[in-house]
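J.: The listed protein sequences derive, respectively, from chains A and B. The numbering of the first sequence is this note's numbering, which starts it at 1 and goes up by one. The numbering of the second sequence is this note's numbering, which starts it at 201 and goes up by one.
Just so you know, not all the hints are guaranteed correct.
Claimed, not checked - Listing some non-contacts, in silico: residues in chain B with all C-beta distances to chain A over 12 Å:
| id | residue |
| --- | --- |
| 1 | A272 |
| 2 | V285 |
| 3 | L334 |
| 4 | Y503 |
| 5 | Y529 |
| 6 | Q549 |
| 7 | G567 |
| 8 | D575 |
| 9 | E581 |
Stated by the list, open to error - Here's a subset of chain A near chain B, in silico, CB distances under 8 Å, partners left out:
| id | residue |
| --- | --- |
| 10 | R11 |
| 11 | N25 |
| 12 | R88 |
Source of the hints: derived by calculation from the structure; they are not laboratory data. Built from N, CA and C at the ideal position, the CB exists for glycine as well.
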Amino acid sequence: MSADKEQATPRYAPDFHQEFRKIENGEYASQCMQCGLCAVTCPSREMMDYTPRAFFKLIHAGEKEKVMKANTPWLCTSCYLCTVRCPRGIPIVDVMHGLKHELAQKSSKDGVALLSKVFFKTFMKRGRLFELGFTNGFMMGLGPPKALKVTLKQQDCALDMVKHKRLPFFPPKKIKGAGQLKKIYNKAAALQKEAHKDGV
Amino acid sequence: MDKKWGVYFCTGCGIGDALDIDALAKVAKSEFKQQNCKNHPFLCSKEGIDTIKADIADGVNTLVIPACSSRAKYEEFRFGPGIIVERVNLREQAAWTHEVDDEDTQMLGEDLMRMAMTKVKLTELPEPWQVENLSKDVLVVGGGIAGMTAAMESAKAGYKVTIVEKGPALGGYVGKMYKVAPTKAPYDVLPDNPVPALTKALEDNPNVTVYTGATVESISGGPGTFDVKISGGADARAGAVILATGSVPFEAAKLGHLGYGKFPQVITQTDFEQLAIDGKLKNVERVGFIQCAGSRDSHFLSYCSAACCVESLKQARYLKEQNPAGQAYVFYKDLRAVGKYEYLYKQVQADGTVFIKGEVANIAGDGGKLTVEIDDAILGEKVAVQSLDYVVLANGMVPSTAFGTEPGQTEAEAEAATAKEKTEEDDIPKDVILKSDLLNLNYRQGPELPTLKYGFPDSHFVCFPYESRRTGIYAVGTVRNPMHVGAAIEDATGGAMKAIQCIEGCAAGKALHPRSGDESYPEFAMQRCTQCKRCTEECPFGAINEDEKGNPLPELTRCRRCGTCMGACPERIISFKNYSVGMIGNMAKAIEVPDEDEEKPRILIFACENDAIPALDMAGLGRLQYNAWVRVIPVRCLGSLNLVWIADAMSKGFDGVMLLGCKHGDDYQCHFMKGSELAEIRLSKVSETLDRLGLESERVRFKAINIMDYTLIPSILDDFAQKIDELGPNPMKGF
């Protein structure tokens, strides 16, 4: 029995844990046994608010706010190293992906979610990325005050990119068969929906 | 028997290149007058074996086979009953470990021949000792899941079984369970309790007699002849005994710091089983399971009970089954879902059960609901989990053998002990035997199985898990070792097999594990016995009772043929037909010890057959080289080491003596439990003898070795040789 009189914080309310299980692939989060292999494996762990292990623990602990605001899923580069190594066979990348999807749907004004959304939209249009169009789309989505702030912060980077001809003013050519790409995307989305129509 | 000898040299495997075989044959021919010597370049081939078989057909019955180790090619060189076979290990001990075609190697080979020829000269064919009125029945003490399984398996194999169960019905602890943890794939569905079906099957089996509400009042005799008195007046005779008295949950009343006794909602796993049986979990919302409640804590129960984690996982599933909206929390230090139960763990996680790692700091009650405060090791803060309907303590298990006093703890006995003068035998560590009133053996050494740590009657966890230190009595299930239901069933099946082996071994007059199949047995030349009681005291298996005068009364079916009594006897009256003090002594004397001026020291090694000899063989297989001064005599166990051998070796002129035996102490590896320890104790007394002879006590050394250490063999032997070299030659040489 510990002697210290530290106040115990009430945690582990089951509501959020249950809620998270309804997110695409979210049910896998329950199976984390906190071994930490993902955390030592993840190449982005230094930049993450929480390593995947800690992230799963917060889900178990019912810390909804911390989980939903964490940059962890957004910094996942889908390298699959954690998924390959997880002894419990949790498809961690898929869990992160499911959560990103959920966040993008729910909070389109949020910075990273918006970035992801605009990126995808720009990409689908030509099958290639048009940096300037992408940046503009993102700024528009953010709204003028925020956009100004970001622009000022990023101006050095932008100028450097212009100098190195990495920020062309005209959009690149469409890829061949951009229509086919769209079809592939739609089919994948339909399959995804079909697979998860029962919620899990 | 009239010995008709045949000596068959193998010159294959490099033996012929390393040694002059004709010179070795000359040893047999001129020194031992055995003219029937043959060579073969590939003796273990069909042709080679046929040569030997043809001679056997002509009446040869005593074979000396100088070739490889007796641990190799044993199928080929087995010639059936009535034939004495002695293998001379020229390959591993000479040809492969020493310089090829060298004078010293040749001398080593010749000495190996002399030792073997001397041994065979003194060997007689053992005749199996048959016990009268042998019973082939099995007695099972304890009718829980382990006892029932052991009984069922024995009965299925055709043996009559008697079960003695203390409680009013069969079933034991598992009988009170709602369901059991899964025992087969996919490990996520809880099967129904197997006890009712098993009870029915046992009751219907004509081979099984069940006594409930009964205990064992006494057991006398030995394997094959156990006479059992059961309370209520019944008698039984059994060939083997299976102890399956199980364990009891650790006393929860001692766990006040976890709220037991303070809050009625703090319950044990046993109570939770009852709630599940009564279907009372339907309205239960939130349950906390506290793992290691008292376990792995030196104040309560120092060990892990191995089953409680699995039980809690199972009980978390009960909640889900009866109330799908229920939420379980498991508070753990380390979760040990042993074996395939990882799948159950995964399933319980998938059910939504939350696992929290840390030390429970406090349990508080608030209006009928409980709050568990825990120092969360992963979140790194003190966390409260609130509104729990029940807190279930996983309180571990204590073996039924752990209850009871040690003989000598009662006042009268303690007085007697202090009154007794301290004698030499007091150095010998005593077995811990707790009077737990389970078997009530009429053994001179004590009424129950000797226990090791924590009151478990284990004998050798790693090497022979089923064996106890009382031959023919096998502990199975949680009495032996904490284990979950699946493991107990498996354990009981293994125990039944051991009991059957014991019965059949006794019927054939053969030794049991680890010298399985050995037909020799110790014979006592009683007219010279001085009633010193050393043999009865030192026998690791309690095989020797004694009468009022102190005469030993050997119960030969209890004997494991290690020869510890032979080593203990100061009068040297105990011997086997093929193993005796005189035989080993003469083997040592047969070795030629060169004169001092030849500068060829000699080191005699007594090596335990169980681990040291295999290690030497491994060194041979690895072609490791060591000095050619050593001469190795295998012994059944270092416990059979008689000090006279060392005195004889020293007066013969050996420069050093080394004992190679198994590790002893807490994690001992001695196959006969304490043989190597006894040898070292005896050795500590030898310095007196050496002083009398004017010798340095460093000339005699004990070294513990196990088979994995075989790479150390050259350094052990060479370091000792160097030490001997520094000490100079034995001054007794040439006298």
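J.: Next, verify each hint and record whether it holds.
T.: Status of the hints after comparison with the structure:
Here A272 of chain B stays apart from chain A, with its beta-carbon at least about 42 Å from theirs, past the 12 Å limit. With a closest Cβ-Cβ approach of about 53 Å to chain A, V285 of chain B is found to remain outside the 12 Å limit, as its non-interface label requires. With a least beta-carbon separation of about 53 Å from chain A, L334 of chain B lies farther than 12 Å from that chain, consistent with its non-interface assignment. Annotated as non-interface, Y503 of chain B keeps its C-beta farther than 12 Å from every C-beta of chain A; the closest such distance is 21 Å.
In this structure Y529 of chain B is not separated from chain A by more than 12 Å, as the shortest Cβ-Cβ distance comes to only about 7 Å. Residue placement check: Q549 of chain B does not keep its beta carbon more than 12 Å from all beta carbons of chain A (closest about 5 Å). Listed as outside the interface, G567 of chain B is consistent with that label: its C-beta sits roughly 15 Å from the nearest C-beta of chain A, beyond the 12 Å cut-off. Residue placement check: D575 of chain B does not keep its beta carbon more than 12 Å from all beta carbons of chain A (closest about 6 Å).
The beta carbon of E581 of chain B sits about 6 Å from the closest Cβ of chain A, which is not more than 12 Å, so the claim that it is off the interface is violated. The interface hint given for R11 of chain A holds, since its Cβ lies 5 Å from the closest Cβ of chain B, which is under the 8 Å cut-off. The criterion of a C-beta within 8 Å of any C-beta in chain B is not met by N25 of chain A, whose closest approach is roughly 13 Å, and the hint is violated. For R88 of chain A, the suggested interface contact is upheld, since its CB lies about 7 Å from the closest CB of chain B, less than 8 Å.
In this structure, the earlier hints numbered 5, 6, 8, 9, 11 are contradicted, and the remaining ones agree with it.
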